[in-house]
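Chain by chain, the residues:
There are 2 protein chains.
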Amino acid sequence: METSQQLVSQKKYVYMFHEGNAQMKDLLGGKGANLAEMTRLGLPIPQGFTITTEACNAYHANGKQFPDGLKEQVEQALKELERITGKKFGDKENPLLVSVRSGAPVSMPGMMDTILNIGLNDETVEGLAKKTNNRRFALDCYRRLIQMFGNVVLKIDHEKFEKELERVKEIENVQYDQELSEQALSTVVNSFKRLVKQETGRDFPQDPMEQLYMAIKAVFDSWNNKRAIKYREVNKIPHNLGTAANVQVMVFGNMGENSGTGVAFTRNPANGNKELYGEYLMNAQGEDVVAGIRTPLPVSKLKEQNEELYNQFVEICDKLERHYRDMQDIEFTIEEGKLFILQTRTGKRTASAAVKIAVDMVKEGIIDKEEAIMRITPEQVDQLLHPRIDPNAHYEVLAKGLNASPGAASGAVVFDPDSAEKLAKSGKKVILVRPETTPEDIHGIVAAEGVLTSRGGATSHAAVVARGIGKPCVVGCEDIKIDLEKKRFTVGEVVVSEGDIITIDGSTGEVILGAVPLTHPELSEEFKTLLRWADDIRKLGVRANADTPEMAMLAIKFGAEGIGLCRTERMFNAPDRMPIMRAMIIAGSEEERKKQIEKLRPMQKEDFKEMLRIMGDRPMIVRLLDPPLHEFMPSPEELLNEIFVLKEKGKKDDDPEVVERKRLLKRVKELQEINPMLGHRGVRLGMTYPYIYEMQIRALLEAAAEVIKEGIKVNPEIMVPQVVTAQELKWVRKMVDRIKGEVEREYNVKIPLKFGTMMECVRACMRAEDLAKVCDFFSFGTNDLTQATFSFSREDAESKFLPMYTSHGILQHNPFQVLDVKGVGKLMQLAVEWGRKGNPNLEIGICGEHGGEPNSIKFCHAIGLDYVSCSPYRIPIARLVAAQASILEKRGEKLYQEGAD
Amino acid sequence: METSQQLVSQKKYVYMFHEGNAQMKDLLGGKGANLAEMTRLGLPIPQGFTITTEACNAYHANGKQFPDGLKEQVEQALKELERITGKKFGDKENPLLVSVRSGAPVSMPGMMDTILNIGLNDETVEGLAKKTNNRRFALDCYRRLIQMFGNVVLKIDHEKFEKELERVKEIENVQYDQELSEQALSTVVNSFKRLVKQETGRDFPQDPMEQLYMAIKAVFDSWNNKRAIKYREVNKIPHNLGTAANVQVMVFGNMGENSGTGVAFTRNPANGNKELYGEYLMNAQGEDVVAGIRTPLPVSKLKEQNEELYNQFVEICDKLERHYRDMQDIEFTIEEGKLFILQTRTGKRTASAAVKIAVDMVKEGIIDKEEAIMRITPEQVDQLLHPRIDPNAHYEVLAKGLNASPGAASGAVVFDPDSAEKLAKSGKKVILVRPETTPEDIHGIVAAEGVLTSRGGATSHAAVVARGIGKPCVVGCEDIKIDLEKKRFTVGEVVVSEGDIITIDGSTGEVILGAVPLTHPELSEEFKTLLRWADDIRKLGVRANADTPEMAMLAIKFGAEGIGLCRTERMFNAPDRMPIMRAMIIAGSEEERKKQIEKLRPMQKEDFKEMLRIMGDRPMIVRLLDPPLHEFMPSPEELLNEIFVLKEKGKKDDDPEVVERKRLLKRVKELQEINPMLGHRGVRLGMTYPYIYEMQIRALLEAAAEVIKEGIKVNPEIMVPQVVTAQELKWVRKMVDRIKGEVEREYNVKIPLKFGTMMECVRACMRAEDLAKVCDFFSFGTNDLTQATFSFSREDAESKFLPMYTSHGILQHNPFQVLDVKGVGKLMQLAVEWGRKGNPNLEIGICGEHGGEPNSIKFCHAIGLDYVSCSPYRIPIARLVAAQASILEKRGEKLYQEGAD
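Chains E and B, in that order, give the protein sequences. With this note's numbering as the guide, the letters of the first sequence map in order to residues 576 to 1476. With this note's numbering as the guide, the letters of the second sequence map in order to residues 576 to 1476.
These are calculated hints, taken from the structure and not from any lab test. One or more of the hints may lead you astray.
Copies of the same chain are indistinguishable here, so a pair counts whether it falls within one copy or spans any two.
Claimed, not checked - Calculated pairs, EDC-like style, for lysine to aspartate or glutamate (alpha carbon to alpha carbon, straight line, at most 20 Å): (1) K772 - E698; (2) K667 - D752; (3) K938 - D893; (4) K772 - E1235; (5) K667 - D697; (6) K1329 - D1192.
Please model the complete structure; the sequences and the hints are all you need to start from.
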């Protein structure tokens, strides 16, 4: 024991700021290393010293006793500070005052923060008063010390000090602390001292050394307080890091008219412009700037007041920015005409400023392109792409639902899709409000600025459609009670009628009465530059999921290299197609069904031609029809209700309208499934009703032939959904080859065409090698694949038990949002390996929602996919993240989080 | 060309029977090799020769020309036959007649069969007449030749010959061919010859050699006829095998009273007794025995008629049986007192005969135990285990449904489970007839002899329950219209009322009015012996899926080594438990829910005690509750209907009965799921309502403790359903460990306990290594795993597209019946490998329905599972097949079919 303690006593526990540097974070903590680094740079830092994290650990190991030698080293360091400042700790004439702050190797809220003005007591306070010629100021410093020390070190309830202060303010009849007179502050000091005695049974320590040691112990103790331990557990920070304690000379901005304090950013944090941006106040302390009693001046004004000092500050800012290679947020104080830098840190900034600063810094030679790309987060890109509520706007929230699709929108309330479409055509902005939406509402969703529903979750129809087309959407807003008949909704007492203006924020789920100012997205030149750099660096291709010409154009605008998934459902359930589709479904004979389906061919051919013309020679993957037939039919409830209404009108059972409804009902019931997600859909449906696929394939290939004849190069690709065996794929391929031959002969053109399969069933992954032999590409449909791998029905899981799973830590993320690397990802990895074995030229992509999610994109890069495909609005994110993945890989850094076991 | 033809001409194309043997199947075809083998054994075979499959292939390669040298070799062989028989081919006095038959290396229907009596013409027919002193016989032979030759070789429509024959019979005014006079047959011969001339433009060939060569060509040609090609395609038989042609001397059993013909089995094919069993007729041909004009005599009578010949036959039978090491089915002919063996083949037999013969032959030293085990098919075992309709019974089928659970049963029709139970208790046999069944009908199903439903498929509730408890069941019998109110069902005009007797056959789906004689299963001594041998040989353990004490006892009776799956649903939905469970589900507070659930504990403890006492120290795996809560509730339709009825009775909305129903309805709707198969069930439910699992675990462990205190050793195991992450398993394991500690302290006993997981979700397979670290065993739930791997909802798939998939050859089998080796099996194989890596002592079994399916059992053996678990009624099959798997593995033979790509 003794030996080891003696060994420990040899340790260096105290470092003067000038002895350390930025690399010594583990030993000096983040703050200590930073102060050392700034000192090393020759900046005017109030000097001080750091007590190491090792000292903290030794203290705890030692039953909360300072290790041997620590006190000697602290006293040595204090002497050094006295030498530097010419002041003396505890001196009655010219007292040295210090602050004590904690500082762990990783930033960690929950620990003790700061105690200022250590060194003041009944005697030194008078010395300070004389020296500054300001007794009021000295007393204020003293009462602050007692208050902070009493609360943080002596654990006296903060409220109790506040109460005392209030009492004096009442007597003095003033409102703000600053208005207290010298006399009143003297009263406060005495009352605070009484409070300390009363609460602790001891006087407030008058010995400055005792104050200092007690403060240091409080810092060390705070490492193990409940909040800090909890924070470390949640964030998986080791408990044995320990915290350092920083002791620093106090400087005062309120020592008179040639003192002052301020905060400045080295660039404009709102727009990124290269200009000093900040404010200062003379004869003031930091709190005064915040309190807003006096209006601070823009930092440029300092030039007029003290040009030399201003120039010194500008030079320091520039030095700091170049040193830290990023925009800095700097706190400074002027004490009697002398500039001190108190703190510098990377400055927070808006998304657009982040992009501009990163790109500018590349141009200025401060950072390289890779660094610029790594500095922008996917969340920032997301912010840039959606309208948002102006951060400066004030508003009241009427109701709150689930944030289903990001962005904000204002508009007049409408309650049905037809009105939405009509009003939108007349130039009015509308918000579609529905209990929930169905495929028949799509034209209304497209027409509206945003969608609000009272029912449904993050995967309800409204949410999925809105996300797909990038409209703001709030769902499951149960506070609003919709009365469709009266065309209004109510929230408590508030009634919102058709035509009233509301604003919804799909990023927060908020619903607001009236219009709120919005900020609109812009692809700035800098942003475009950054994404071009990303394109040069990334290996992963980026395509879009796009079903309409509008989305295809948007995708190209955002930089998509092709369409990775064009769903064809819309070509069947658009308002002009639905009646034909239903006639097909209820037809009594195969002949009749074929006849009906063929009616869709010319329509769909035009759809495809439009898309192909837009995409040109970019690849365009068309997925053959996927959903089960009952999705094209009304629900049994709807039909029963219609029959009921007809009967109430006096119609008989043999009335043709009733008969028709009953016939429909019978077919709908036949089509019902117990588990529709695992039902009669995709290629299974295609093989049951081959004329549907036949029609789609022919429509696409004829469209391609006609567009080629227009002189436009095209690259259509056909993708088969829900495949589980090579046999299915062979069956469709045979049909495709036959029709291609026929169309090519008919039009006398060669059509370039690729053929591939969705990988969305587990068996397809298991059979990847054989499937790959029959096709040109795989595209992972990770939405369905996740459902099958987990045996989770997404909608049921998200509403019933997924929240419990993430809150219990069973899963780290909702696997429908963030790809489950260890389960679904492992399956994908096997399928990639086996698929490439079966066909070395196989092209592999992903078209599930995960294709636009950052961690998932990085995983896709890691397992060697050729491209990701996502919603057009996620394209810029995908371009950026794909580049980040390449950079991380090059650097040998970890690419992605693995998630649940 | 010439050179290769010359080389070919060196080949030996013709083999006398005495030149070949059984191993030369590829060259001589099956029939040729067999005839050679019998000749080699010294049996009295009508001699002949075989033209090889190579000759056939050369013929086709050569543009349908005989290869060089073939004719010379045929003529050489004919000479040899003339030498052996003393007859001459084409001789007017003593003509040699031959038959020509095809015979491929594999048995193959669809090819030309036989032409008899080749060598007859207008001249030799008279020689035959003189020689046999029977002109009528000779003419009959001649007209048969023309008819067969005309049809098979000359392709004249069979109908045309029949019409001619009919015409003569009409003129002669006779009904049967045999009644035709000599004169009339002469007329027939002439009319047939005219027909040939008329149809082919050529006379019927009078040259015997020409007849022979044309017949051989016809055999070769038939290899490539449409039916044969189709058959080879379907059965994946290579097209280049070719067929041999067999030319064999004719013998006649109708040459007089010392001629005759017969068929005999070397053992009794009905019961397996070791006795000659068969019939014969003197002065007759094979057809006469079949035609049934004269009654044949039992073969034992032959002894009286011709003891020497009889003894010779007995000796031959014995020789053949020992040679082929199996019971033989032998055709013989006596020509003028001389015995000829025409054919011998393995005799068909009943399942019980098969078992007896196999076991007897081991005892007689003819075969070894492994051979005996390999000779019994799983289908035969299945036959032995269920009552069947007496194969000799005559009956009329009233209606036909799906064969959902094998076996037959007769009983009085009842339409509700309570009546079924009541009547059964009074000793009456009943058949429960329902539109479909629900968990509330279980006591009725248990009480009934069998179940008949008008709706539902092979996986409907009725089907699953009936199979599980081994009751015959016919489902989806849409022909029957059930009127529950009037307690009757109708099939067309037929009305079947409550109490009327019907018989159902769950092996065929047939429904029969009235009682039909049944044969009842018996575990014969031989069968038990065979299964004991199987037990000695197999490596795979065999356990039963058993939920009740009755099933547990049955399982032990059938040889189960433990329970691989005890589902606990019954312990919640039995009639006395259901109200408690429902009260739990609709309870407003967690406290109330816990209170309700705890009411079940003493009941379930008793359930477990009963089971544990029966199982003793055999392992007993208890699966914690799996199904979603809505399965314990009435359906919304039922509740809506009840509310409707109450209102019709004048009850108001605030009537307590109505309020209660509405409250239930609200909860039921909350519990509804879009894809219940992938919903809130298994461990997900267990974690949401932890007190359910807590109660189950405590009930089991208290039961174990109390049974141990009774002096009985027990081995309970706890299994968690629907697991997808190691975290879930850890969560349950923690609960189990805690409760086990509590119970052990309380009772002061040590409880042996294993803890494991179902492997029924794909993600569990992917994470097998991590899961294995947290548990003692895996049990593959291949029903759910197959659904998830294919993304097929079983019920939807079987009713909507699986039949199309198997008929299109996309899949070879319904993967819910036969384990999908290449998909689900591959996943299992990976999980086994990874699981054993995580825990080398891991015990791995299977408890899905596949555990009782032969191909699947063999696959389980191949991937190294420790045991299979299946329905008690499948236990004997599993024991047998597991032994077969061991034997096949030892022999290095293929264990299982791989199925779909």
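>> Are any of the numbered hints broken by this structure? If so, which, sorted upward?
In response: 2, 4
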